[in-house]
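Asks: Following the hints, position chain X against chain V.
If you're matching them up, the sequences are chains V and X in order. Reading the first sequence from the start, the letters are residues 65 to 173 in our numbering. Reading the second sequence from the start, the letters are residues 4 to 119 in our numbering.
Below, in silico cross-link-like pairs of lysine to aspartate or glutamate (EDC-like), each with a Cα-Cα straight-line distance of 16 angstroms or less: (1) V:K165 <-> V:E73; (2) X:K67 <-> X:D91; (3) V:K160 <-> X:E62; (4) X:K17 <-> X:E90; (5) V:K165 <-> V:D103; (6) X:K69 <-> X:D91; (7) V:K145 <-> V:E78; (8) V:K145 <-> V:D103; (9) X:K44 <-> V:D103; (10) X:K23 <-> X:D68; (11) X:K69 <-> X:E90; (12) V:K165 <-> V:E69; (13) X:K45 <-> V:E69; (14) X:K44 <-> V:E73; (15) X:K45 <-> V:D103; (16) X:K58 <-> X:D68; (17) X:K23 <-> X:D91; (18) X:K45 <-> V:E73.
Hint data in this document are derived by calculation from the structure and do not stem from the laboratory. Just so it is clear, the structure is predicted and the values come from calculations on it, not from any experiment.
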Amino acid sequence: GQSLEQPSEVTAVEGAIVQINCTYQTSGFYGLSWYQQHDGGAPTFLSYNGLDGLEETGRFSSFLSRSDSYGYLLLQELQMKDSASYFCAVGNRDDKIIFGKGTRLHILP
Amino acid sequence: GAVVSQHPSRVICKSGTSVKIECRSLDFQATTMFWYRQFPKKSLMLMATSNEGSKATYEQGVEKDKFLINHASLTLSTLTVTSAHPEDSSFYICSASTGALQETQYFGPGTRLLVL
Numbered sequence: 065g066q067s068l069e070q071p072s073e074v075t076a077v078e079g080a081i082v083q084i085n086c087t088y089q090t091s092g093f094y095g096l097s098w099y100q101q102h103d104g105g106a107p108t109f110l111s112y113n114g115l116d117g118l119e120e121t122g123r124f125s126s127f128l129s130r131s132d133s134y135g136y137l138l139l140q141e142l143q144m145k146d147s148a149s150y151f152c153a154v155g156n157r158d159d160k161i162i163f164g165k166g167t168r169l170h171i172l173p
Numbered sequence: 004g005a006v007v008s009q010h011p012s013r014v015i016c017k018s019g020t021s022v023k024i025e026c027r028s029l030d031f032q033a034t035t036m037f038w039y040r041q042f043p044k045k046s047l048m049l050m051a052t053s054n055e056g057s058k059a060t061y062e063q064g065v066e067k068d069k070f071l072i073n074h075a076s077l078t079l080s081t082l083t084v085t086s087a088h089p090e091d092s093s094f095y096i097c098s099a100s101t102g103a104l105q106e107t108q109y110f111g112p113g114t115r116l117l118v119l
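Okay, chain V solo, but in the shape it has when bound (with noise of 0.2 angstroms):
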């Protein structure tokens, strides 16, 4: 079967640095993908990781090791508007995307 595995919540302070880890089992993995999501909206495309390493997107970063399974989403310079939830996603083999159950990343001023 599928599978993902991310923290429920996360505390962090405004301006710090924080990281949001995810662990996955699936079946002919393709790529690991971040989406952020506030309350009422819909979610909104982060970043993608289909081969082992960083990648860098402004603040944002992400992170794959696929010998693994596992990915983690950095954030640093955290402002307010960063309080959201953040959901891994595994894309496979069947095309299909699945989410994780997402974290709720709360930043304290």
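Replies: Leaving out everything else, chain X in the frame of chain V:
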């Protein structure tokens, strides 16, 4: 670029009626569109995968006769909730993929359905 619209954004209907939700890719052609359902503070649950010109592929446990999906063109997919009941109340989100691997999906703003 890669904008997806959804209409309506919010709908309230009586039990037993049908509701149609439209999903459009505005500035690109989407080979595949996806329909998700999300309960409050929960993850997105994939309901079905829709390819233009062919029948939708439904996930296990999703009633295809209740959730009718039509993908009439490369820019439009519709989800019709037939004979809606209060338990169908949810946040329905569509997404569209621009690539063969669906590694990135662009989401519509969602439709909040309330069935009374």
